[in-house]
Structure formats: structure tokens, C-alpha cells
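Visitor: So you can see what is in the structure, the chains are spelled out below.
2 protein chains.
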Amino acid sequence: MEEGHGGREKGWEGGGVWRGRLRDKRQGVPGLPVARRAMLGGMEERYSKAETLALRRKHIGPSCKVFFAKDPLKIVRAQGQYMFDETGEKYLDCINNVAHVGHSHPYVTKAATKQMELLNTNSRFLHDNLVQYAQRLTATLPEKLSVCYFVNSGSEANDLALRLARQYRGHHDVITLENAYHGHVTSLIDISPYKFNQLGKDSKKEFVHVAPSPDIYRGRYREDHPDPATAYAEEVKKIIEETQKNGRKIAAFIAESMQSCGGQVIPPVGYFQKVAEYVRAAGGVFIADEVQVGFGRVGKHFWAFQLQGEDFVPDIVTMGKPIGNGHPMSCVVTTREIAEKFGASGLEYFNTFGGNPVSCAIGLAVLEVIEKEDLQGNATRVGSYLLELLVEQKKKHPLVGDIRGVGLFVGVDLVKDQQKRTPATAEALHLIYKLKEQKILLSADGPYRNILKFKPPMCFTMEDAKHVVEIIDVLLTEIEEATGMKTGNDVSTNTRCKIKANEGSPQLESANESTSHLNGAACRQENGFYPEKHSVPSKTIRT
Amino acid sequence: MEEGHGGREKGWEGGGVWRGRLRDKRQGVPGLPVARRAMLGGMEERYSKAETLALRRKHIGPSCKVFFAKDPLKIVRAQGQYMFDETGEKYLDCINNVAHVGHSHPYVTKAATKQMELLNTNSRFLHDNLVQYAQRLTATLPEKLSVCYFVNSGSEANDLALRLARQYRGHHDVITLENAYHGHVTSLIDISPYKFNQLGKDSKKEFVHVAPSPDIYRGRYREDHPDPATAYAEEVKKIIEETQKNGRKIAAFIAESMQSCGGQVIPPVGYFQKVAEYVRAAGGVFIADEVQVGFGRVGKHFWAFQLQGEDFVPDIVTMGKPIGNGHPMSCVVTTREIAEKFGASGLEYFNTFGGNPVSCAIGLAVLEVIEKEDLQGNATRVGSYLLELLVEQKKKHPLVGDIRGVGLFVGVDLVKDQQKRTPATAEALHLIYKLKEQKILLSADGPYRNILKFKPPMCFTMEDAKHVVEIIDVLLTEIEEATGMKTGNDVSTNTRCKIKANEGSPQLESANESTSHLNGAACRQENGFYPEKHSVPSKTIRT
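Line by line, the protein sequences are chains A and B.
Just so you know, we're using our numbering here: the first sequence kicks off at 957 and counts up by one.
Just so you know, we're using our numbering here: the second sequence kicks off at 957 and counts up by one.
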């Protein structure tokens, strides 16, 4: 393998090909006859891409979407922050927050193999890995958070968190944030406006209460507000008061420590403390969902909730994605008090795979790599540099409305109009597809799908940051030129994300209404994860 | 390692020590000072057993129970059907239906390692493993069942099955069986009487309807009924009619193809066909939960629902435990029609870890081992032999009320009175602890915790079967002698499972009432998975 793991030390080896100018658009790739059983970096390709796609259509649920539906990627191997397709093409991965310590990290693989050779069984037997991992994991948290439940996914973790919260005082209602996503099981779709808003008007259950997202760029209280933390917390207080008037009881407030799918939103400092105070006074608990943002991603802290300050301790913390570098595992950590109330019901909690010796060995290995390779330090350094570079872009490009981030969790809010902050949904989608042509994997998310979402493997380098921003710079310039943004031509303003599928030169359909939250949702609903046909600005772009 | 994997070929290597007579009771094990960092078959022991236990108490939720709470086992390695504790003691595993092709199977480990070295990412990229696995897995099923959703646990699978069923026609209600267990997430506790019955009277939700368990030994219609299949199906029909009268609509009937936690219940042939007919007529679907019983365990079929005959095809099949030999993975398979209705909502279904290349490589390896090692054939042969041996025990022991099973899924229903079929709960628990002393791991389950539950790794051998039944024979004789069952002394009849914690010689408290279902539940509730203090029959047993 030419790429060493953890590119930070070994550097960006393929940068020379990419830097400075855009790659030629790849021709004919979708139709390329791919030799079967071609050896690709040790990987035997069993099917041609067309065959893989056909089999997928036949045997995988249509609700399971692929990236870049128009021309999906077939990835056969990955290392560090790079992924390789079936032709050997190398992609820079800026989105995978699961391959946290880097794709295919040999230390993690070795730990998994060693343990698989010895034992993989359930947690009804005593095992050192389980307790050692619980000890190590809780050591990263405030002392009060000392009791673990090991499960298999962020969804299982958040579901269990709700069960813990509800058992605690026998309350049932949940306060969740606008645009929040907490998982795919029934109980979590119920509390995820990101999902249930797509199911129509009556999809919000009576026990669910939606508080405004503490988004100081697009939300109710913005950067010019004297105290947005208090203002947003007061909104939660109002909900609690109203709920109580109706005789309902709050079991929990749940929020990602930073909203990811919700649009890379970083809550103002002090917000969580105030919310926790109100929620606890009402007999509820504070659940910090760290599934997407935990494990040192924010750099200077191990957990994103710690950005709120040392005086803030959640009652329950849920973990997921990065915890096993891709291995299916997750965890809920809570206080002794809550755990004992849960135990007092007498109901056993048994999770067949949760906390097995292999999962724990992998979890331990991930913690060790984060420490040994100083990935938190790297997140701080590279993240700050990435932010700096992006802030430069903001000065330059009218399409860039806001840059926000901490560590290797960064959002770029694209707008059609900097004053009105009109989401540039189609432009973001176009950019994502153009970046793919340049072998860069990035995604757009948020309620309007206009936020570029950086959450790369933690071994992302300075050079990677420089490279991706350079390419974004060129592409934004092109889009702005094509849509006349710089010349005052307002073609792209107030356009909806509805797609006109013109073969050859797909066009963005204009409409005289602002992109609304509902439109954003409708867009996702129509087009799945990434639409089959993606829109581009109406003028032709030369690459 | 002295034990080869897949003992079937290499034979029972440690049998000589165990066979013919009982082992001496191990002395002092709980207090043994265990050297730290002792090398145990390649495994470094980090903590003494006492330390592991203390750390577990500190850091693992008290709802997570251990086997043999009074003296839990610390297992450090396992191979095939054997597990080894920290002192090197070898246990015969008769209960682990997760280590399906045998503990630590090298072929599975190799497949996992090879794929982990290459790539482990989400299913938004095309990958051959995903489609190849889906193809191979659906090939084991009737043609109509062709669309897969890969998830991480049986709970995630059953939750998704409910979502598919509810989306299908927009119905909501669920019919479930008495004593059923379908998983630990909120939506599944709601439909699991095995769980919600422990939470008190009002714990059954309005949308949940409980049908009688089609148990022809303990149920409403027994082996002497001319047509129990029809009789039990009519009960479901009645529920549907009543539900419809109340304006409610059935989304699904869900049942394990054989009830496992519910007491190793094998439904009479023809029952599923009739139930499916009624449920479909009401606009609902039939969900066959194969989480515990699938993947060839029943021997002559790959899926337990196939015992009902070729004319029966469920609408949704859920898989779990054995699917990855311990790796956290699972699957839901359904029809094109149901999958398309689910897709039509527009809501994406994304599961971060589900269907990743490593999970699929492991799933493929498990399927290959089942085939290559003819584990279905082995299940048929060894299972039949085990049943034969147990039937002999039934003739001999008044404690054995019923023997039922197919393949390597076998239940032994222990009774205090063969006529009244009074569950021998305390005796079953006592036997389990005595078997542990003899280095045999077995469990007791069912609503009264009186059913010995055999579900060993599929490489279980004839010699293993012979060995365990020989030991059971000796122990049953002892218990019967001690309790006077053979001499007509009725001390142990009509006793409740309530525990009197007499130090040294714990006693079973007698009470003049039959063990009721409620008592069974209360017993579980009081005592957790296995009680801290287990009861033994009131006369002293010499071993």
C-alpha cells in the first residue's frame, strides 16, 4: 500500500496530482467495462460495478440510499483518510466520522483479531475487557457519570437513554430540538424532527415537544442577540411550563452536544447548563447525544458537551459512530442514581452483543490510538487551520454565508443572499457532485441541505485541509460566475430545490418563493439521500 | 490449544475426565487468589476475578445480570463448544446459540480480519460483500422473500419489521404470543409479554393483543386435542375480530418460529398458515422472528418457520444472534411489495453500521461454514440422538414432564407432578447450578423458569449429548431422592419460588398454592437473571 496509515505523519502522498488545478472530468466511468476478479489492492472484485448496482436494486431495500445516486461510488478499500474505488482512484474522505482514527487502522484490526481468536461471547460472563473498557471510558467523563450500558448502535444507545430517563421518575414526555436526529428505531423517529417532519403534519406525537435549535446564524436568536444562550434556554423553560399546565411530565431533554444532521450547529456556551436546571427542576434528565460528535472530535475536549464548561454535567451521555472505528458498538453512560432506579424495576437489561470481549477490545484500541497518535491535538491544529482557510473563503465568496466549527467538526453554510441568508440548497448539492469529480467526498446537510459538513477521520492533515479548500475555492468561483452572483445577476436567488430532469444539462427550476423548511424536507423526501438527478445552476459551467 | 475447533471431527478430547461419574465439587474457587497477568491460553488476565467483579459492580448497570450470580463465571477463552475460565477449567457450552458455528471459529475470524484490513464503511457506497451476502442469504429463503435490510441486532431487526408492517397498510396494532420476547428496545418491550408482564398490570399497551402460546404441553389446547393448530389459530382470529369491532387495525402478527425464552415451544404444524391467512385478510403481515432459532438450528431446514411446510411463507423474517457468530449484525428480509411500500414514504432508512463490508464478510463466512461443515446435518443427527437420550430420561425420572425439540433446539420441561404438570422451578434452577459444578453450561427458561433450554453451538457432538444427559440423569436422581419424589414424599410439590436466604443451606419455602404464571414472573423480578441466592430442594443433597 502506498499510503501509510495516519497521513498526519507520512503526509499527503497523492497531493501533487490534485493540487493547484482541477482534475479533468472523468470520462465514461459509469460505463467502463470493469474486469471481473481484477486484483485491487488485495481486494478481489467479484462483480462489475453495473452488476453490483443491479444486485443492490434487487436485494437491498429501496429506502437504503447510496451517496451520489446518479453515479454511485464503489469503494473497495480505504486507509487513513483515503478511500479507493474499483479502478484504483483515490478519494479524500472529509465526511466519515465513523472511521474515526482512520480507515482500516492496523492497531484496531489487530486488537479485534486477537480477541476474536480467543473469545467472543455475551456479558453474562465476567470478562476483563468489559470492565477495563468501562473504567477507561468513564475516566474520560466527569466523575458522576460512572455506570455504563454497552449496546450496538447509536440508536440502541438513545433508545436505552430514553428508557433510563422514563424509569427515573416515571415521567414520559421528551423535549427535543428542531431538526434533531437521534436514530432510526421507532422510539427515536418519534423524537427526531429531522425524520418525522417528513411524514406529514400529524407525525409529531403528543409526548414530544420541539424546542428551537440554538442556532445563532439561522435561528430565532442570532449572533447579534446579547445573550442567546439564555434566550434559547428560556424557550425550553416555556415548553416545560406549558407542558406542566397540561398535566404532562418531562422525562428528558435530549440534544446532540452539537447538532450534526441538523446543520452543524454549535450551541452558545451556557445554554446546556440553563436547560439542565429547568429540566431537572421538572423531574427530567439531560441526555447529551455524543453519537456523532464525541471521542475528541472537538479537539480540546474529549466530549463536545464539555465545550459548555466544567460546570455542566449531563445526566446521561450516549455514544456511537466513532466508538469502534466502524465496528458495531455503542454505549450509554449515566449516574449511579439513574442506573439504580432503572435496576429497581427488576427488569433485566440484556443485550446479546453489547459489551462482548471483541467490541470492548476494539473500543479500548480506539481510545489508545486517539491518545497515542494525539488525534485530539491533531483535530485542534488541523481544525483551526481548516477554519482559518474557510474564513478566507467567506471573505471572497458571496455563496459562503457562515463558517462555524470546532476541531474537526466544521460547517459551511451556503447562501444565495448574505443578507437574507437564503439557503443555497441546489448550489450545495452541485458543489458536492463537483467535489466528487475532484475525488473529494463531502456532504451537505441541515434542514435545507445547504450546509457543507466536514467531519473527516481524525488523521486528516493540514495538506488535506489546504487541498479541499483550494478546490472549493475554484468551484465556488465557477458557480458564482455561472449564476452571476458576483455580477449582481440574481438567477439563483429564491429557487426551490425541485428538480427538472433535463438529460445532458439538468437545470434548476426557479420559483418565486423562498426555500422554506418544508421545502427542504420535501426535497429530501423527493430525492432520497442524494437525488437521482441533481440540479446545477442554470448557466453552463466549464471545468 | 488442545481442543480443535468443530469437535465433531476431532472428537471430544476432554471427555475422559468427566464421563461416568460426577466431578468433585470445586473448593474455594471464588476466593482463590488468582495471579494477575497469568498467561491463560494466550490471554493475559488483567484483574483477579474478585477485582473484575468489583469493577463490574462499579461500572456496569445493575440491570445487566450475570449467569450464576452467586458465583459468576469468568471466561477467558472458548473454542468450538467449549469455554474456559481463568483457571483453565473447561466447560461444555449447551446454551450459546450465538457462537453458532462454534466459538472462535478460525474461518470467521480470518474473513473478518481480511476485510477489516481492507475496508469497513457504511452501505452508502456500493460494495460486493453487501450484495453477495444479500444474494446468498435470500437464496436460503422462499423466492418471495428477496429484499434485505441489514442492521446490528435482533432488536433493531424486529423494530424495523414493525416499521415495515405499519407502513404497509398504515395499520398500527400488533398481535403477539403469550410469553414472547422480541427484543430490548422500547417498541419491542411493548410487544414482549415476557418483559412487560414484569412491569405490572397496566403495562400492556392498547395496541398490543396477546394470543395464547401454541404450547401443546402447557397451553389451552394440548396434545390430546384433535387439531390444536386450528384451535390456536382460531384464537388469533377471535382477537382480530374483536379488535376490528373496536375500530382498530392489525399491522402484524409476530412470533418466533419456535418460542425460545417462552419455553422452547414448537407450534403445531399448520398453525402459521392459518394465522397468516387471518392476519392477511385483516390487512396485516406475518413476521417470523428467527433471531434465536434460524440458520439451520432445526437441522432439516435452514429456517424454523419451514417446519410448518412449504405452503407457508412469512411476509417478513427477522434474523439475529447466530448470523455473525457473535459479531453484532442482523437482518430483516421481506417481499418486494412491502419494501416498496416502505420506500414510498420517502423516508430514507440509514443504519450506520448495518451491512458494512466486515459484517457482510462475517455473515458470508458463517453461511459457508454451515455448509462446508454440514452443520445442519450435524444438528439433525446430534439433535435426534439428544432427544432419544432425553426421552429415556423421561421414562426414568418423574421430574421430567415433557421433552420437545427439533435439531439442536431442545426443551426439557421439569415438573413436580406429571399429572398436574406443576412447574419444577426451584428444581430446574438447582439443576442448572449443579450442572455448572460439573462444568456444563445450561439454562432454564420459560414463564416458570422450569424448562431446560438446549441451544448449543452447532458443532455439538454425539459425545457431548451423551455426556450431558448422563450427568443430568445422576443429578435428577439425586434431586428426586432428596425431595422424596420417588418415594411418594410430596415435600416439593406446590412450592413457590420465593427464596429464604439461609446461609449455608438455602431452603425452598413451601406454600400451599401452585406456582402461577404471576409467581414465575415475580421470581424473575426478584432474582434477576439468576438469583443471588438460589433455592435447592429442602432435603440435603450429597454430591
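Treat the hints loosely; a few may be bogus.
Below, simulated DMTMM-like cross-link-like pairs (lysine to aspartate or glutamate); rule was C-alpha separation at most 20 Å, straight line [to be verified]:
no.	chain 1	residue 1	chain 2	residue 2
1	A	K1070	A	E1419
2	A	K1160	A	E1099
3	A	K1014	B	D1146
4	A	K1161	B	E1073
5	A	K1046	B	D1146
Ranges of calculated distance between the beta carbons of each label pair, as one might list FRET restraints [said to hold, decoys possible]:
no.	chain 1	residue 1	chain 2	residue 2	range
6	A	G1239	B	F1306	45 to 55 Å
7	A	K1157	B	F1306	16 to 26 Å
8	A	E1324	B	K1066	46 to 56 Å
9	A	K1157	B	K1328	50 to 60 Å
10	A	E1045	B	D1330	39 to 49 Å
11	B	A1025	A	E1162	39 to 49 Å
Covered stretches of chain B, as calculated for chain A (at least 3 residues, CB under 8 Å) [said to hold, decoys possible]:
no.	segment
12	1084 to 1095
13	1113 to 1120
14	1204 to 1212
15	1274 to 1282
16	1296 to 1307
17	1335 to 1347
18	1434 to 1442
Rather than coming from a laboratory, the hints here were simulated on the basis of the structure.
All residues carry an ideal CB built from backbone N, CA and C; glycine is no exception.
Visitor: Do three or more residues of the segment 1204 to 1212 of chain B come closer than 8 Å to chain A, measuring C-beta to C-beta?
Guide: violated (count 0)
Visitor: Hint says 16 to 26 Å; check whether the CB-CB distance for K1157(A) and F1306(B) agrees.
Guide: holds, 24 Å
Visitor: Decide if the proposed pair is consistent with the structure: K1161(A) and E1073(B), CA atoms, cutoff 20 Å inclusive.
Guide: Violated, at roughly 44 Å.
Visitor: Is the listed coverage of the segment 1084 to 1095 of chain B by chain A valid when you require three or more residues with a beta carbon under 8 Å from a beta carbon of that chain?
Guide: holds (count 7)
Visitor: Against the range 45 to 55 Å, how does the distance between the Cβ atoms of G1239(A) and F1306(B) compare: consistent or not?
Guide: Distance hint for G1239(A), F1306(B) is violated at roughly 34 Å.
Visitor: Does D1146(B) sit within 20 Å of K1046(A), going by the straight-line distance between their CA atoms?
Guide: violated, 47 Å
Visitor: Residue count check for the segment 1274 to 1282 of chain B against chain A: does it reach three with CB-CB under 8 Å?
Guide: Coverage by chain A holds here, the residue count being 4 at a Cβ distance below 8 Å.
Visitor: Please check whether the segment 1434 to 1442 of chain B has three or more residues whose CB lies within less than 8 Å of a CB on chain A.
Guide: With 0 residues closer than 8 Å to chain A, the segment 1434 to 1442 of chain B misses the three-residue bar; violated.
Visitor: Is the Cα-Cα distance between K1160(A) and E1099(A) 20 Å or less?
Guide: With Cα atoms ~36 Å apart, K1160(A) and E1099(A) exceed 20 Å; violated.
Visitor: Under the criterion that the straight-line Cα-Cα distance not exceed 20 Å, is the pair K1014(A), D1146(B) satisfied?
Guide: Given pair K1014(A), D1146(B) is violated - Cα atoms ~33 Å apart, limit 20 Å.
Visitor: Under a C-beta cut-off of less than 8 Å, do 3 or more residues of the segment 1113 to 1120 of chain B approach chain A closely enough to confirm the stated coverage?
Guide: As far as the segment 1113 to 1120 of chain B goes, the hint holds, because 4 residues have Cβ atoms under 8 Å from chain A.
Visitor: Indicate whether the distance between the beta carbons of E1324(A) and K1066(B) respects the range 46 to 56 Å.
Guide: Distance hint for E1324(A), K1066(B) is violated at roughly 24 Å.
Of the numbered hints given earlier, the model fails hints 1, 2, 3, 4, 5, 6, 8, 14, 17 and 18; all others are met.
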